[in-house]
Amino acid sequence: MVAKAKKNADKTKPSDPNNVEAEPTKELLIQSLVKDIPLSRAIIDLVDNSVDGARAIRGTKRYSGLFVHLRISNDAFEIEDNCGGMSVEVAREYAFRFGRPTNMPRRLNTPHSVGQFGVGMKRAIFKLGRVFYVESRTKNSYFIVKENVDDWKTRKDADGNELWNFRFTPPVVEGDPQPPNERRGTTIKVTKLLSAVATEMNTDAFLTDLSSELSAAHELSMSKGLEIRLNGHLVAYEPSKLYKSTRIQPAKKRLSKTHDKSKIEIVLYAGIYRSKPSKAGGWYVYCNDRLILRADQTAITGWGENIGERIPKFHPQFARFRGFVFLDCDNPALLPWNTTKTGLDTDNELYKGVRREMNILGRPVIDFLNNLDREKNRVTRPLHGLVEKMDADEKTHVLLTNVKRSGAFVCPMPKAVEKPDSVDIKYKRPIRQVNVLKKFLGVTTAREVGEKTFDWVYELED
Amino acid sequence: MPGSGDKIDYNLRPAKQIERKMLCEAFRRLSVFQAVESYRYIGFGSFYFADFKLIHKSLGITDMLSFELQSRKRERFEFNNPFRCIKLRFGHSNRLLRDHWRNRRTILWLDYDDPLDKFCLRDIGFFCNNAMSGSVLIVTVDAQVESEPAKLEREFSSFRERVRDDIDVYSDDDATERERIPFGIAAEDLAGWGTAKISHRIIMNEIAKVVSERNFLTSEQLVFRQLFNFRYKDTAQMLTVGGILYADSESDNFEACDFGSLNFVRTGSIPYTIELPKLTFREIRYLDSQLPINPSKLKSKGIKAGDLRKYAKVYRWFPSFAEVEM
Chain Y
1 MVAKAKKNAD KTKPSDPNNV EAEPTKELLI QSLVKDIPLS RAIIDLVDNS
51 VDGARAIRGT KRYSGLFVHL RISNDAFEIE DNCGGMSVEV AREYAFRFGR
101 PTNMPRRLNT PHSVGQFGVG MKRAIFKLGR VFYVESRTKN SYFIVKENVD
151 DWKTRKDADG NELWNFRFTP PVVEGDPQPP NERRGTTIKV TKLLSAVATE
201 MNTDAFLTDL SSELSAAHEL SMSKGLEIRL NGHLVAYEPS KLYKSTRIQP
251 AKKRLSKTHD KSKIEIVLYA GIYRSKPSKA GGWYVYCNDR LILRADQTAI
301 TGWGENIGER IPKFHPQFAR FRGFVFLDCD NPALLPWNTT KTGLDTDNEL
351 YKGVRREMNI LGRPVIDFLN NLDREKNRVT RPLHGLVEKM DADEKTHVLL
401 TNVKRSGAFV CPMPKAVEKP DSVDIKYKRP IRQVNVLKKF LGVTTAREVG
451 EKTFDWVYEL ED
Chain P
1001 MPGSGDKIDY NLRPAKQIER KMLCEAFRRL SVFQAVESYR YIGFGSFYFA
1051 DFKLIHKSLG ITDMLSFELQ SRKRERFEFN NPFRCIKLRF GHSNRLLRDH
1101 WRNRRTILWL DYDDPLDKFC LRDIGFFCNN AMSGSVLIVT VDAQVESEPA
1151 KLEREFSSFR ERVRDDIDVY SDDDATERER IPFGIAAEDL AGWGTAKISH
1201 RIIMNEIAKV VSERNFLTSE QLVFRQLFNF RYKDTAQMLT VGGILYADSE
1251 SDNFEACDFG SLNFVRTGSI PYTIELPKLT FREIRYLDSQ LPINPSKLKS
1301 KGIKAGDLRK YAKVYRWFPS FAEVEM
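Top to bottom, those sequences are chains Y and P. Residues in the first sequence are numbered from 1 upward in steps of one, following the working numbering. Residues in the second sequence are numbered from 1001 upward in steps of one, following the working numbering.
Don't take every hint at face value.
[As the list claims (entries may be wrong)] Straight-line Cα separation of at most 20 Å, PhoX-like style, residue types lysine-lysine; simulated pairs: (1) K192(Y) with K139(Y); (2) K224(Y) with K61(Y); (3) K313(Y) with K1087(P); (4) K352(Y) with K1209(P); (5) K1073(P) with K1118(P); (6) K1057(P) with K1021(P).
Everything labelled a hint here was simulated from the structure, so no lab data went into it.
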């Protein structure tokens, strides 16, 4: 009965005068997906998927032997990994869909994954070009999906309804152990590149930026042994460090919050490091090991805000400030990142609470850097001496993982930061009048005239 | 911060004295949380230490800190310190609270003589960010306003400036600012007791903001409950707002304090106004001999019913100035 009714409804759809068309077009979907993401970020999204694969097969163990190789040329973009591959089931039901269905079985979710919105791969493909090829092999499945996006865009069934699906290119293997010598991983190749994209991607500037973004975004995965290459060159990374000595100790705080039965683990660090490059100062925010904000100096990470503590806006004297926040959760949906993983949702309650903790942890570091700055115009500069010694002494530069002590930032407090108890007053008066007062007060200098007249008025007032 | 110590003996402000005694009566009920004598009291004692004397004598609190802005008059403050247990600290309360805060249940009375400003709100924020469950915050501010409508406009813009939250930065042009005057308030709303009403609202908004921020990550939620909203006028119109901060796990303790049974407790925007009828000592003694009684049955020759009602409300705390302090 229901089935029949539905069939009738479908049949009458084109001619029903009460029917108001509201289906999205594929073109709109493509445009809105690619609009808000820079090219390099779209590419990093693909690397995120590889990293999720690495995490799925290795868990918290090291990623040694795993790689992600990117190749960019004038007519093709290619990413290839050996991070475990994507199963036929995931590909058929979820990976190519736009958005992640809420009923996706838990076993198919990678705990702590970076991918979560189900848009990354499609968005990257649409951003790059018009023909794509995806090939993936897991330990017991294998598939290829090839598609020309322009053809797909206009494809309709016999009744004129939009066809949204892609198709596997046979043979599809499911449930058959794959030869052990075959790479278990995914290859994505995009050709028929959009001309603007092809031009941009092949400049030195783009490749330099991309490698720097890759190295920042996936620093933690690389430090676990993941190899990332771009056009054959190894992407280098520099692990985050803080200064630590007997007199300067970074702050560290661990917190957790349980939400919908998922535990969100939060670790924060704040301290000081090199003053150069000055744009390296600020907060670094990671969600599930993926860097989301890099050296942020804006209100998003509390600069110029009053939550828990009052934090000034970022100033060059805070160039040595380094703060790190790691948010980790089995369920990535609970983390406060946006879909492009380029920013944080500042309305998110969890993040509001984290930002308060960041302000509280960072405030003593700001105070220290202000004291350091105040020393600039003095003869004795003990704090400068201390910090400059640490600049030169590599032994005091420690990896975050080597910051064991939890607690507030430790630093020497200057003995007297009391404000000066006197102030200069400077003003001009006609010489003739000053001379009259010199005589009247029995003094010889203009300075004395100023002092005596001030004292005289002050006596009257007190 | 205190400053009017020079101008007036705090003991001679009768409405203020009544307020002090009422607050003290409420503080006594904190013993449900812990023995009230083991609370910490922080206030602005000035030269007279009126609140300190009352609180030490009637509640037995010994961990007492008095903040003073003027270190120039240090000797005089120290000379007037009535008890050994009162420690004096000199400087701005914004700084002193931070430096001398301890993780103890605290009664903090921010007894400013000045109108509400951003510095008061910083102290309020500090309390809400740091106080332990069971701690009490009292804030007193001047709420006097110019009566001429022409001057109200100017007063309003200076009020707006004064309460605006700006982060201390190095130049004015990059200050981050947050307006605190609620939307929809205009200059004419300041008239009469309007300044008190708006100051109350700004204080409660700030408390709500900071407490909610503090709750974001913690599983134990803190609640601030307003208990006091006094208005009185000895010389200038004054407002006192106060309440208690407690963790939801201690809400039974809060209920057991039964603050609601105190007739001067006010939990919302409707204030308790402390009004003193002008009476002779003979009249006071005569009225006292009839009390407690339903105020409508109270009698004394030639005194208006309204004044009798006012007296019946406050007689237990009515100051007796015949006493001479020796």
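Verification of the hints:
{"no.": "1", "hint": "K192(Y) with K139(Y)", "in the structure": "violated, 31 Å"}
{"no.": "2", "hint": "K224(Y) with K61(Y)", "in the structure": "holds, 8 Å"}
{"no.": "3", "hint": "K313(Y) with K1087(P)", "in the structure": "violated, 36 Å"}
{"no.": "4", "hint": "K352(Y) with K1209(P)", "in the structure": "holds, 12 Å"}
{"no.": "5", "hint": "K1073(P) with K1118(P)", "in the structure": "violated, 25 Å"}
{"no.": "6", "hint": "K1057(P) with K1021(P)", "in the structure": "holds, 12 Å"}
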